[in-house]
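Undergrad: Spelled out, the chains give:
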Amino acid sequence: VNLAEVDTLYATASTVGQLTAPIELVAVSDIEGARLDGSVRQLEHAVQENPEHWADLLMAARQLRWRRATEPQPTLYGIDRSELLREIIHQCKRGRIVADTETSRIIDELGHHAESAALADNPVGEILIESIEEIGRKDCSVLLGSARAAEGVRQWFDSLGLRVDIGGGRGYANLQIKDQCYCVGNPAIFGLAHIAAPRAHAISHFFPSWLRNTSLPRSEFSRLARGGLDPSTRIYHVGEDASSSATPEHISETIRPEPLWPLPAPSRVANSDEVIARQVMLSGGRSMWLDQDGGWIRILDPLQPAGDRVHLRDERTVAPGTFLILREGATESDALYARSIALLGPSASSVTDSQAAWKSALASKLRILGQHAVVTALECEGVRAASRAPFWTAPTVVRPQADSDFIRLLGWLGLNPDVVVPNANRLRKARSQAATRVREALEDALDRTDLDYLLRQGHVRLDLDLEGFAGIIATRVLAVSPHQHLVPRNDVRIASPDRTAKWLE
Amino acid sequence: METELTILDGASAIRWLPEITTPLVIAVIDRSTADESAPATALQLRASGQSIDDLLDWHPTTGIESLAFRVSL
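In order, the protein sequence lines correspond to chains A and B. For the first sequence, our numbering begins at 58 and goes up steadily by one. For the second sequence, our numbering begins at 17 and goes up steadily by one.
Keep in mind that the hints are not guaranteed to be accurate.
Claimed, not checked - Covered stretches of chain B, going by a simulated chain A footprint (3 or more residues, C-beta under 8 Å): (1) 36-45; (2) 74-83.
Unchecked claim - Counterexamples of contact, computed for chain B against chain A with all Cβ distances above 10 Å: (3) 20; (4) 69; (5) 88.
To be verified - So the derived list for chain A, only partly shown, Cβ under 8 Å to chain B, looks like this: (6) 70; (7) 120; (8) 172; (9) 250; (10) 279; (11) 284; (12) 287; (13) 342; (14) 370; (15) 374; (16) 510.
It should be emphasised that the hints constitute simulated quantities derived from the structure, not laboratory data. All C-beta atoms, glycine included, are put in the ideal place defined by N, C-alpha and C.
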């Protein structure tokens, strides 16, 4: 990217959404989609007392509604759509057995409307093609709300001989700057990026009119910043709108399928083997517990240049769309620890003894006083990361990050920092060498991996040429639970199969 | 000589922002990534500090958004 191109990017960002070029929102009448949406809402309402019993049907039906909202291509190019419809019909049959009369009626209608919505072409597609022909194929790009939608549209356009730049999921930043970008779906299903850093001089959103939320997301940063972007919109309606008027909760909600998260147990004091974690749904039908104490987790950014794709990230900032690098069946830190100890050579035993001394002193304080009292006491000592204390007892966690925290902790435990700190630092240095080696091996493995496949598919296995690092996967985070749970420390960061993750993608 | 200025470019650098102790820090946030951790880190730090947008005598090119704040170390 040269300076002139950078200049163009900023100039584009400052014009898109201004009064001379507002973001166009085109709401297209879609009878089949509106009926499906109505049935899904009725079912949600009817089973709101115990939605978990209806999870399979609800998840599958919401997934079909999501695809109706985001996939403009004809049925023929809807990837896995018939499989999804079969699942809905199957779940409808199962549900009828236990449902009361009213719920049975809703389920029958849902099955019927799901079939129509899965088989009828989406009227948004027709408007999209007309608009592309009108402006000229060379001067526009099309942005989709998911990698699946982008792949389906690509196949559809290929069959029409239509050569148009297509972006989907996270690939949009690589698009060339065009006169016009057509986005399929309402603004709420896209993030902020395509408007805040646009790749077109004008942006239009096409979506079925039963999607009521026409607000633009706006970042907190833009709201506070000097020169903060504040794009305006103009709404157009295409076709007769048959659906009834919306209630406010219909307007603000998001249509993206969310898992039915288990609710946390009533709050209680954690015992020494438990940590606070959130459930995370992963591509490939898996889920895992992710600890929430400010530790780091390895992530992959497939769009960065080679050598700069693997990073460590604060686990609390993991969000849908992030690619995580995980070791199947065990956490990465165990293997990393083993390698660090090996790197220490003859001094390994004095380091592990010294580490064991302060860790066992801390562990016994935690056992005797309890987690809460230990954290409070450390806070009083001025230990900034005191809430991480329960983690510091694990052999794989080398030491508190800040020197001042570590020295205050050792003082509180009555230990001599002059011995403990240098030993911990030796281990930290070895660990950082081991981590660098892992990062290099990951980058090497990524060179041999089809990253386009990863972006499309959401997960891929990486073959690392490194002992103790077999079975590494890169997988996209699909959803993060809003609830925090207390889970056994040994259960975190282990990806295991989860049926409910299946209909999220 | 003491380091006077740190420049953090992109999300993976900006995660270090709370740890940096130079008198001046410039964090360059890329709006084209879906990753919102970088602006979140900056805003979190700003909440504990004081805005100095009025003192900043810099008028960036159109399209650039800027925030200036001071925190105690």
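Undergrad: In ascending order, which of the hints set out earlier in this document are inconsistent with the structure?
TA: Numbers 1, 4, 7, 8, 12, 13, 16, in rising order.
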